[in-house]
Structure formats: structure tokens, C-alpha cells
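> Start from the sequences and build out the full structure, keeping to the hints where you can.
Each chain is listed here by its residues.
Protein chains: 2
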Amino acid sequence: MAAQLPLFADAQADPALAKAEFNTRQAELRTALLRAQYEQLSKEKQSLLIVIAGIDGAGKGATINLINEWMDPRHIRTLAFDRPDTADQTRPPMWRYWDALPPKGKTGIVFGSWYSLLLRETARKRPRTARIERIALAIRRFEAMLAAEGTHILKLWFHLSRNAQSERLKRLLSSEQTAWQVTPNDHKVHKKFDRLCLAGSMSIGLTDRAHAPWHVIPSADDNLRSIRTAERVLDALTRPPARVRPDPQVQPPARVVVTDRLGLPQSAEPTLSKDDYDAQIGLWQGRLAQAVRSDAFKSRALILAFEGQDAAGKGGAIRRIANALDARQYEIHQISAPTTQELARPYLWRFWHRLPRHGRIAVFDRSWYGRVLVERVEKFAAPSAWRRAYGEINDFEAQLAANGVIVLKFWLAIDADEQLARFKAREHSPFKRFKITPDDWRNREKWDAYVRAANEMFARTDTPLAPWHVIATNDKRTARLAVLKHIVLALENAC
Amino acid sequence: MAAQLPLFADAQADPALAKAEFNTRQAELRTALLRAQYEQLSKEKQSLLIVIAGIDGAGKGATINLINEWMDPRHIRTLAFDRPDTADQTRPPMWRYWDALPPKGKTGIVFGSWYSLLLRETARKRPRTARIERIALAIRRFEAMLAAEGTHILKLWFHLSRNAQSERLKRLLSSEQTAWQVTPNDHKVHKKFDRLCLAGSMSIGLTDRAHAPWHVIPSADDNLRSIRTAERVLDALTRPPARVRPDPQVQPPARVVVTDRLGLPQSAEPTLSKDDYDAQIGLWQGRLAQAVRSDAFKSRALILAFEGQDAAGKGGAIRRIANALDARQYEIHQISAPTTQELARPYLWRFWHRLPRHGRIAVFDRSWYGRVLVERVEKFAAPSAWRRAYGEINDFEAQLAANGVIVLKFWLAIDADEQLARFKAREHSPFKRFKITPDDWRNREKWDAYVRAANEMFARTDTPLAPWHVIATNDKRTARLAVLKHIVLALENAC
Numbered sequence: 011m012a013a014q015l016p017l018f019a020d021a022q023a024d025p026a027l028a029k030a031e032f033n034t035r036q037a038e039l040r041t042a043l044l045r046a047q048y049e050q051l052s053k054e055k056q057s058l059l060i061v062i063a064g065i066d067g068a069g070k071g072a073t074i075n076l077i078n079e080w081m082d083p084r085h086i087r088t089l090a091f092d093r094p095d096t097a098d099q100t101r102p103p104m105w106r107y108w109d110a111l112p113p114k115g116k117t118g119i120v121f122g123s124w125y126s127l128l129l130r131e132t133a134r135k136r137p138r139t140a141r142i143e144r145i146a147l148a149i150r151r152f153e154a155m156l157a158a159e160g161t162h163i164l165k166l167w168f169h170l171s172r173n174a175q176s177e178r179l180k181r182l183l184s185s186e187q188t189a190w191q192v193t194p195n196d197h198k199v200h201k202k203f204d205r206l207c208l209a210g211s212m213s214i215g216l217t218d219r220a221h222a223p224w225h226v227i228p229s230a231d232d233n234l235r236s237i238r239t240a241e242r243v244l245d246a247l248t249r250p251p252a253r254v255r256p257d258p259q260v261q262p263p264a265r266v267v268v269t270d271r272l273g274l275p276q277s278a279e280p281t282l283s284k285d286d287y288d289a290q291i292g293l294w295q296g297r298l299a300q301a302v303r304s305d306a307f308k309s310r311a312l313i314l315a316f317e318g319q320d321a322a323g324k325g326g327a328i329r330r331i332a333n334a335l336d337a338r339q340y341e342i343h344q345i346s347a348p349t350t351q352e353l354a355r356p357y358l359w360r361f362w363h364r365l366p367r368h369g370r371i372a373v374f375d376r377s378w379y380g381r382v383l384v385e386r387v388e389k390f391a392a393p394s395a396w397r398r399a400y401g402e403i404n405d406f407e408a409q410l411a412a413n414g415v416i417v418l419k420f421w422l423a424i425d426a427d428e429q430l431a432r433f434k435a436r437e438h439s440p441f442k443r444f445k446i447t448p449d450d451w452r453n454r455e456k457w458d459a460y461v462r463a464a465n466e467m468f469a470r471t472d473t474p475l476a477p478w479h480v481i482a483t484n485d486k487r488t489a490r491l492a493v494l495k496h497i498v499l500a501l502e503n504a505c
Numbered sequence: 011m012a013a014q015l016p017l018f019a020d021a022q023a024d025p026a027l028a029k030a031e032f033n034t035r036q037a038e039l040r041t042a043l044l045r046a047q048y049e050q051l052s053k054e055k056q057s058l059l060i061v062i063a064g065i066d067g068a069g070k071g072a073t074i075n076l077i078n079e080w081m082d083p084r085h086i087r088t089l090a091f092d093r094p095d096t097a098d099q100t101r102p103p104m105w106r107y108w109d110a111l112p113p114k115g116k117t118g119i120v121f122g123s124w125y126s127l128l129l130r131e132t133a134r135k136r137p138r139t140a141r142i143e144r145i146a147l148a149i150r151r152f153e154a155m156l157a158a159e160g161t162h163i164l165k166l167w168f169h170l171s172r173n174a175q176s177e178r179l180k181r182l183l184s185s186e187q188t189a190w191q192v193t194p195n196d197h198k199v200h201k202k203f204d205r206l207c208l209a210g211s212m213s214i215g216l217t218d219r220a221h222a223p224w225h226v227i228p229s230a231d232d233n234l235r236s237i238r239t240a241e242r243v244l245d246a247l248t249r250p251p252a253r254v255r256p257d258p259q260v261q262p263p264a265r266v267v268v269t270d271r272l273g274l275p276q277s278a279e280p281t282l283s284k285d286d287y288d289a290q291i292g293l294w295q296g297r298l299a300q301a302v303r304s305d306a307f308k309s310r311a312l313i314l315a316f317e318g319q320d321a322a323g324k325g326g327a328i329r330r331i332a333n334a335l336d337a338r339q340y341e342i343h344q345i346s347a348p349t350t351q352e353l354a355r356p357y358l359w360r361f362w363h364r365l366p367r368h369g370r371i372a373v374f375d376r377s378w379y380g381r382v383l384v385e386r387v388e389k390f391a392a393p394s395a396w397r398r399a400y401g402e403i404n405d406f407e408a409q410l411a412a413n414g415v416i417v418l419k420f421w422l423a424i425d426a427d428e429q430l431a432r433f434k435a436r437e438h439s440p441f442k443r444f445k446i447t448p449d450d451w452r453n454r455e456k457w458d459a460y461v462r463a464a465n466e467m468f469a470r471t472d473t474p475l476a477p478w479h480v481i482a483t484n485d486k487r488t489a490r491l492a493v494l495k496h497i498v499l500a501l502e503n504a505c
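Protein chains in written order, with our numbering: chain A, 11 to 505; chain B, 11 to 505.
No lab work stands behind these hints: they were computed from the structure. Incorrect hints may have been included.
Identical copies carry no separate label here, and so any pair may be met within one copy or between two of them.
What the hints assert, rightly or not - No farther apart than 20 Å at their CA atoms in a straight line, the calculated lysine to aspartate or glutamate pairs in the EDC-like style are these:
| # | residue 1 | residue 2 |
| --- | --- | --- |
| 1 | LYS445 | GLU49 |
| 2 | LYS442 | GLU49 |
| 3 | LYS55 | ASP257 |
| 4 | LYS442 | GLU38 |
| 5 | LYS486 | GLU428 |
| 6 | LYS198 | GLU385 |
| 7 | LYS434 | ASP82 |
| 8 | LYS389 | ASP458 |
| 9 | LYS445 | ASP320 |
| 10 | LYS308 | ASP95 |
| 11 | LYS116 | GLU385 |
| 12 | LYS202 | ASP472 |
| 13 | LYS308 | ASP92 |
| 14 | LYS284 | ASP95 |
| 15 | LYS445 | ASP305 |
| 16 | LYS202 | GLU437 |
| 17 | LYS442 | ASP286 |
| 18 | LYS445 | GLU79 |
Encoded structure:
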């Protein structure tokens, strides 16, 4: 049956390549590949990801050697993924792929890629359609994001016909020098050949996009396979990036939020006396400590994102949380300007890189929302980049939630007068002066632009799975208690 | 009994600190700490590691908050280690500490540090002296290496007397607001108090060095604890680095190796015909494939380091090995000039960072021996740095071997005439030209200096656990087979 799949028909029609022709083409391609590789390196604008898939025994492994031999291997990394280990299992499935992304200018060969799960599902005797759709959608979103962020994606499917596969096995088994190349898996492939071809064909059909195209490589003849592979890689390195057509992403309905001054009804809450505060804070910290020590939390994780105007009291609120926790259980991430290492990858990379594993807590003092706040207002990101970020962020948080991570987002809000008072107090303290920089004063002048950005952010990213909590912080004590309460209630509710 | 340990006597004598005095000292210290921190940052020459240990409940956790509040938290990372997880367990015990080292300019607070093992051992009812000596020696070597590479190490032991500890428990348990701070572990501490103090005292005694000093912090009074901690941190940030006095390290007896031209008796081996080679290579590749698929290999790992003159055929030999392996099982690391990220850490960091886990293979195309080869000859490393590297490398490889890693090191040697012929052939090939750079010609002029460096390297680092194999490579086929054979025999012998 598989032999009739139209996708693979061409691959089988190709004739073998004679030695002399191979040698000529090889010399041309290697020269061109090296030139294209150095061109990519010198620009540092794009990276290339070559996804390797196909029938076992069709030469996927040999292709790694080929690419490393025909190009300059110092700038190529093989990213080979086996079964997930504990580190992978206690994070969302895409975590390990994010973590391994090569920086701009470099090339990555991906083996055992994000297609493993899709191929496994499509190769089942009874494929579960809804699951397949869901996995394919996640892949398409991931690849669209990578492409939009400057990654060239090339996906190669190494194909063998059923006859070619069985001839290969026979040939290898006939000699002691080659028999070891046949693994138990090869026999399994032979038995399930039609299903594997169908799985490949389905997976390709669901994920073939102009910005992340699939190519079928005829693999019965080694020479032809090498040349076709090299041609595809060369084409990907030299072709201008295709326009990205993303799938629709999680977009929550726009809600109306707070006031357009982000001032909040600060005066509505009476300020809290020191005694009342002391009496309450210990109790809430105690409940927080209990909740994260619970057995149920061992299969969850907690991510807290703090945003808000300068001097709104993020640091103070975070320390009150940290006080209730064991140092081995949490990590606080201060997010400021990205490093060169971070700039060379898609902007969410630095946050994927810092994901807590199950049973742990990560606190972000400023977060991935920088993309739609400071990067938008200061024009560090192009409008097209921050506009698509809302969907990407919702997708990111949905993946976290699906993995059992509790995501809470806090906007700490003060009014302009209170901010001014705090800025002045900081300037007068010899050891708080460092907290206030010319940037803070500049940001203050852009108060209205930040308000607009924050309001759009609330409207677009306040999802049931990762809600925003806007906290009035003119009264620090009330604010700290409010943050603690939200965390405790979310944890007690979930664990 | 513990009360009489002289180390802790002073800590108990200290009186509590009154609020007014605390406030004055606090303001002074915070101002000075910030200044010292920015000074360290601007120089990017030193990092500071603050190791936190001591009696549970003495305020170790609170100290993290303190340091983050009193200094600029954007440049501080808490490195908190819990029980080892799978990723840690399949590598040498020091792996996770290496991996987490902060870059120069930054400060790391280490919690659950490399002292955990020593403290557990010294706190046993019947401490095993030999084990304790061995762990303490490993710690001293590690810290000496860090200090020599520009890390300021400060170790703080938070001490409470037995009475203060039991008073603390009583006080906390008396109120619902604080009772949660008492963990089951606190009661255990109370029972084993004397043993824990003795363990601390022994551990401190065995590892107190001028370049990595211990300080006991009196912790019964919160104010006093905070001030003493801040004083120590300030002192570490402002004091010039102490002279490092390393412990004696693994130094194998100097052996006489090959010739002083590194020419090797190339002619002694007859060149191998293509047919003979083809007949043999498949068999050896098959044995290699079998060996790494074996169950026994699942608790081992294989590290191959390739060094040798330019054009000696490292890449070709490595590809013949890779051909026998599953892409998911191995990784090839091309080692060239270090990145800024790598330069900001001790030089072995980039290799620790790339260690394979059990069941995996890492191939290094050039390796940590660059320190005593190119860095020595080109004067990238000071003589004191590359001289101490021999011992550090032996120590590194001994840790690998102790963890079940098979380490094989290959020097591929050609003679000067053959190198010249290969250089010229490369220059004439449009797709091999990239392999030859002005650097290669320059290195060739320094042939004798490289020979001297290589000979000393063999003499000092050819250990039974990580032997050097010098392979004559004028005849490429013989050389590739020889490399394969050494690997196969070592694997078959070990697994």
C-alpha cells in the first residue's frame, strides 16, 4: 500500500548515481556548501535546523557524518534526542528542544526531534485523530515561531521502498563485516513497513509549510542520497527565508482591565498597621510553606511572574515569599537586558532555559512580558515581533499549564505620586541609590505608553490557566499580603 | 561536648546586637557592599562564591535573602543543590557544581554544596577516616583550582549553641504564626546536636585554607548574624586574593615517550591495501557497535580525546568511529578558541559542561590538553597556569575514571614531510581549502615547540586510568584501524 503513497513515488523512481557523476557533483556541492555556511556564519542573522526523519536504515545516521564531512564541522551541532530522561519528564515535552537550540549563524542537525511523538502516534494501529491534530498544531506553532525568529528549518525524510529495505537487510546480513549494522529494530521496521510509511506521509502532510518544508530523499542508492541531501541543505542555506504563515494561536477574548492610568483604587483599601500585618504575614507564609511541602506539589511546579512600574515593590514582595521557602526549592530570576547568548536565540529561549522542574518554584522578577512592555515601548522589538508575542506567550503558558505548572502573574501598581516619593527616598539612601537609574526617570516620562502596553497585555494574556493579578501597592503591607494570599489559594486549590 | 569545641567558642561568646547599633552598621555595610560589588563587576576578573553551611535553623536560608537585599541581586545567583537527580547520578559527583559556576564578576551563593558529602560522612556514628580524607582532599583540590582560576571562596558556618537551638524551637512552636518554620529535621538536629557540631568542626579543620577560608558566624541573635555575615562578604570582596597553596596532585612518574621529533617509526608499519583495510574496518566497527550496545556499557561512558599535528587525520579517524555508532548515543565536540562565556570560568569548565552521561560517548576533536599545548606554545596561558594544569587534568581524569568513564587519549602523529604534502593537497582542493589557514602554517614553524610541549604532556599525563596512545598516521588506513582497535579492546576489557 505504502508504495502508492504519492509523496514517496518520486523517491523510488530516481535511478542510482554513477561514481563519476557523483564525484563531480560532490566537488561542486562541497565548495558551494562551505561558501554558504561561512556566509551564514558571518551574518549571524539566521540559524539552520536540519530535521532528520525517515525509515530506519535509510541512512539517517550516515547523513550526520556526511554533513559534518562536507561542511565545516566546527559550526555544526548534532542534537540527538533519545527517550526523555528525568530532567525532560519533569518539564513540558518541548523543553529539551528549546534548550538545545543553536545560536544564530550555526547549524543544528536534529535527530529524534519533536516529530518522534507525532510519528509514534500516527504509526499506531488505531491512530487517535484528536491527539494527532493537537500534536501537529503544537509542532506547526513551534516551527512558525522559530522561523519568525530567524531559524531556517529544513526537514528531510529518508525513504526506502519495501523492496529496497529488504534487499538492504539481506545484503548486510550476508557478511560478518556488515551484519552488525542490522539492529533488532530493522526487522521490526520491515514488519510494520506500510504503517511507518503511512505515518511519515501523514506527519509530512500535517506539517509541511513554506517556512519549514519537508523533502523526501531517495535513499536506496548511497551516492544519490548524499547528493540530494547536500542539494537540499545548500538550497536552505542560500534561499531567502520564506514568509511565515502562523497557525491561529490561543487568543483569549480581550477583557477590560483596571483604569487606563493603572492607578487602581489605591485609597479603597485602608492601610494596614504593623501589628495587624505581623500577625497575618506569618500565617500566610506558614500556609505557603505547607502547600509546597505537600506530596501533591511534587508533580506540580510554580512559576511566579512579577511585573509593574519601577519602585512598585517587586523585590520586597518576592523576599516575603522567599522567606517561607527552602532555598533548595526555589530560584529567583532577575530579568534584565538579554546576554549575547540569549540574543542569538528566539526570545522565549531564556525562559524555557530557566523552567523549574516538578516540585520546584521559579520566581521571575520581570519576565517574558518584557517583549510586550519594555521592548515594545522602547522599540527594541519590531511591531510584528511584539504583536505575535501575545499568541506565543499564551501558547508557552498553555504548555506549562498542561504540564502541571501553576503560573501566576502579578502586576504591582503604584500611582505616579507614590512612585515619585519612592524615587526620591531611594536617591537619598546611600544603599538604595543603586536601585534608581536614569532609565527609571526616562520610563516615568513614558508612563502613558507603558499604561497602553500593559492594558493591551492584560487584555490579550489574561487566561484562566495563567491569570493576571493586578495589586495596588501604595500600601506595601497590604500588597505583600495580597500577593501571598493569591499564591496560597492557587496552590491549595491545585494541590 | 560540642560547646567546648574551640572553633565555636567565640561564636557563643558574642552578645546580641542592639537595634540602634544594628541600624548604623547596616547602613555602612550595605553602602560598602554595593560599592565592592560594582567594583568586582567592572573588573570581570574575579567571581565570589559564598558557601553556606551550619546548623539547621541557624539562619542559612535567611542569609540568602539578606545578601540579595543588601547587595544588587541582579548579579547574584543562588546555587542550591538538593539530592542528586538522574542527570547528576550518571556523572562524577562534582559535575553539578562545575556546571553551575558563575562567570567572573558575579557572585554565587552555594547551598547544599560539595560539603554535603563530607558533612554526612563526618556526622556518622563511626566516621570512616579513609573516606573522609579522600573527600576532603578532593574538596581542597577543587577549591585550590577555583582560587587559582580567579574565584574568591568564602565559607560561612552558621553556629548555634545547643541551648540557643532548643530555645529557638520553643519560641517558634509557641505561636501559630511561626510554628511552620520548624521542620521535622529541626528535631533531628536537636537530638544529634553534638555529632553535627563535631562534624562541622572536623570538616572545617580539614578544609580551611587561606585561599578558601571558613568563618564561623554566631547565629543566636539575628542582628548580629546579619552584620557578621555582611562583614565577611565585604572583606572577601575587597581583600586581594590569597596565594593558593595546592595539595599535592596525581602526578604520574615521568615516562620517556616516542622520539623527540614525534615522527614515530612511520616506516616500520607496511601500508595497508584498500582491500585489506575494507575487510578489517567493518569487523572492528562491528565489535565497537556491539560493545557500546552491551548492558554493561549502560553504567559506563566513553570519552575519546584526539590531539595531534594539523592534518594528521583526526577528523577522518573520528568519522570511522561515528559510522559504527547510533547518532543518539554519541556527540562530537570540536574544540577551538573558547567563547566569552567559557573564558569567564575556569578552563576545565567547558569540558565538564560537555561530559556524557552513563551509556553515552563523547568525542573531543582537540581537548582540555589545549591548555598544555596551544595555550602553552602560543603563551595564551601563563607558565604557572599550564604547569598546574597537568595535576588538574590528572585529577579531572581520575574523577572520570572513578565514575566508570573510560577515557582514551590519542595523539595522531605524522612527520613534517607528510604534513607538508597534505597541506598542499588541501590548498588545491576547493572544498578542503577551508581546513587550512595561516594558523596551520604558523603552527608548522613552531613544530619543535609543539614537540617539546607534547612530550612533557605525555610524560605527565599518561596514567593507567587514562592512557595516551600515540598513533603513526602517515598511512591513514593503518592509523584508523589502530584507533578503532584500541577503543574496542578497552571497551571489551571494561564491559
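> For each hint given before, does the structure comply? Return the numbers of the non-compliant ones in rising order.
3, 6, 11, 12, 14, 15, 16, 17
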